[in-house]
Amino acid sequence: MDLKENHIKSNRKTIMRYLYLMTVFFLTLTGFGNMPIFKRYYIADIPGLGWLAEYYVTIYIHYLFAILLIGIISYLIIEYLLTKRKSIKITLSGYIRGSVVAGLLITGILLVIRNHEVSGFAPGFIIFLYLCHLTLVMVLLMAGLYSVIFKKKWYFEVKQ
Amino acid sequence: MKNKISRRSFLKGTMATACTLAAAGIPASAAGAADKEQLATLLDIRKCIGCEACVEACKEVNETKFPDPKKPFPKMYPDRVPVMDWSDKQDVTDRLTPYNWLFIQSATVKINGEETELTIPRRCMHCVNPPCVKLCPWGSARLLENGISRIDPDLCLGGSKCKAVCPWHIPERQTGVGIYLDLLPSLAGNGVMYKCDRCYNRIADGELPACIEACPEDVQTIGPRDEIIKKAHELAKEIGGYIYGEKENGGTNTIYVSPVPFEELNKAIETGKGKPHLQPVKNSMADSNNLAAAMIIAPIAGVVAAAGKFYKMSKTGK
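Chains as they are written, first to last, in this note's numbering: chain A, 4 to 163; chain B, 26 to 343.
Next comes chain A alone, as it looks inside the complex:
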């Protein structure tokens, strides 16, 4: 019975992990697709990737995965607070990456608000948001790479 439960838990963890990675991958891809680079550098010429040069498509997909990311993060935060506060300990790497993701979410949400016609953000603030969003995603990618190379985890399980 325990074995079966552990198996289910492990499966859930794996699904969540891959869901998160897939979301970050598509958000990064479509995020860079919002800049005019994929056509210039022939990436949109690769069969099947032509959509990367379609700005309205990339922004739509970016929004879709942003919604998914917000859902995943909300789930993980509440799950941690309700059920895992004692069983897992978040590492320094986890806190750093978590902060970067939070920063990305905040700047991203502000940019979404800005895209509505009612928004009235100052031009300087909008440029600041863009630069923060871009810098944070670069930091997240670097931190992710560092964590893969040096096997740094988001958290470790506390033996009870």
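The reader is advised that the hints may include incorrect statements.
What the hints assert, rightly or not - Distance ranges between label pairs, derived from CB positions:
hint, chain 1, residue 1, chain 2, residue 2, range
1, A, Phe153, B, Val117, 52 to 62 Å
2, B, Lys114, A, Val151, 51 to 61 Å
3, A, Tyr158, B, Ala229, 21 to 31 Å
4, B, Ser339, A, Phe131, 39 to 49 Å
5, B, Ala319, A, Leu144, 18 to 28 Å
6, A, Phe131, B, Ser131, 37 to 47 Å
7, B, Val117, A, Phe128, 53 to 63 Å
In short, the hints are calculated from the structure, not lab data. Glycine included, C-beta positions come from ideal geometry on N, C-alpha and C.
Since the structure of chain A is provided, determine the placement of chain B on it from the hints.
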């Protein structure tokens, strides 16, 4: 005389503007409105005689804003990156260029069975929610509170995304100018995008945009958007005409009134590079903005799922 009154109305307060309105029959263009409300222009196509006085005035007044590219241009990679150089063709006036932000389009149509040539001043539509501004990846295109969308030449990298997302493909690029020259000129950027900024600096100073001031036929009227829309409908009703720009791309601040349907006009005008169409345009930003509403639901769904898991665990005691 009308122009004098209108110009004065920019400088005066609401009361003075109301008097001006009554006297001139021109929709309010008060300085207060210029600061806070979106200003729109109404173009009565019947009045345009195609004299290009507006085109010349635009070129003259905005000359200082035109690009002054450094040559030779830096070699750009890869080779497919197009060099867009209009500096040797600054006199071109039959299309939009970085040196010509307004041009006259001609259409030969039949009105009451009689063949008539209509001329239409064309420039940036100044959308209410402009995709060129909202989707600019650097924030170099900006929307002013008075509804003017303008591209900051000191920040624009010339990636031409604004042109790609504009339903009318209005902005035009000039290579060899702008901040990209100081960054990675060979690998990123390609100049600066230029388009009508509806003489934002003149409006800020309480003056009329050059094209409106110079027009001998008073083709254009400027004022708060609500008033301009109302006036456009009244005019359309009066002449049995048609409106373009009110709903296009979710609404613009350039409202045309024509005696013939725009479908007909669109077929009669020459369209193509630098020559925008007059087709119906759906709201470009609507899809993503509608999707944005789902972002409010996403955290709720996440919280409910986690809370459900917690409830299930507490019930089973595991």
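Verification of the supplied hints:
Taken as a hint, the range 52 to 62 Å holds for the pair Phe153(A) and Val117(B), whose Cβ atoms sit roughly 59 Å apart. In this structure, Lys114(B) and Val151(A) meet the distance hint of 51 to 61 Å, their C-beta atoms being roughly 53 Å apart. Judged by the Cβ atoms, the range 21 to 31 Å given for Tyr158(A) and Ala229(B) is violated: they are separated by roughly 55 Å. A beta carbon spacing of about 44 Å between Ser339(B) and Phe131(A) agrees with the range 39 to 49 Å that was offered as a hint.
As the Cβ distance of Ala319(B) to Leu144(A) is approximately 26 Å, the hint placing it in 18 to 28 Å holds. Checked against the given bound of 37 to 47 Å, the beta carbons of Phe131(A) and Ser131(B), roughly 45 Å apart, stay inside it. At about 38 Å, the CB distance of Val117(B) to Phe128(A) disagrees with the hint of 53 to 63 Å.
In summary, the structure is inconsistent with hints 3, 7 from the numbered list given earlier, while agreeing with the others.
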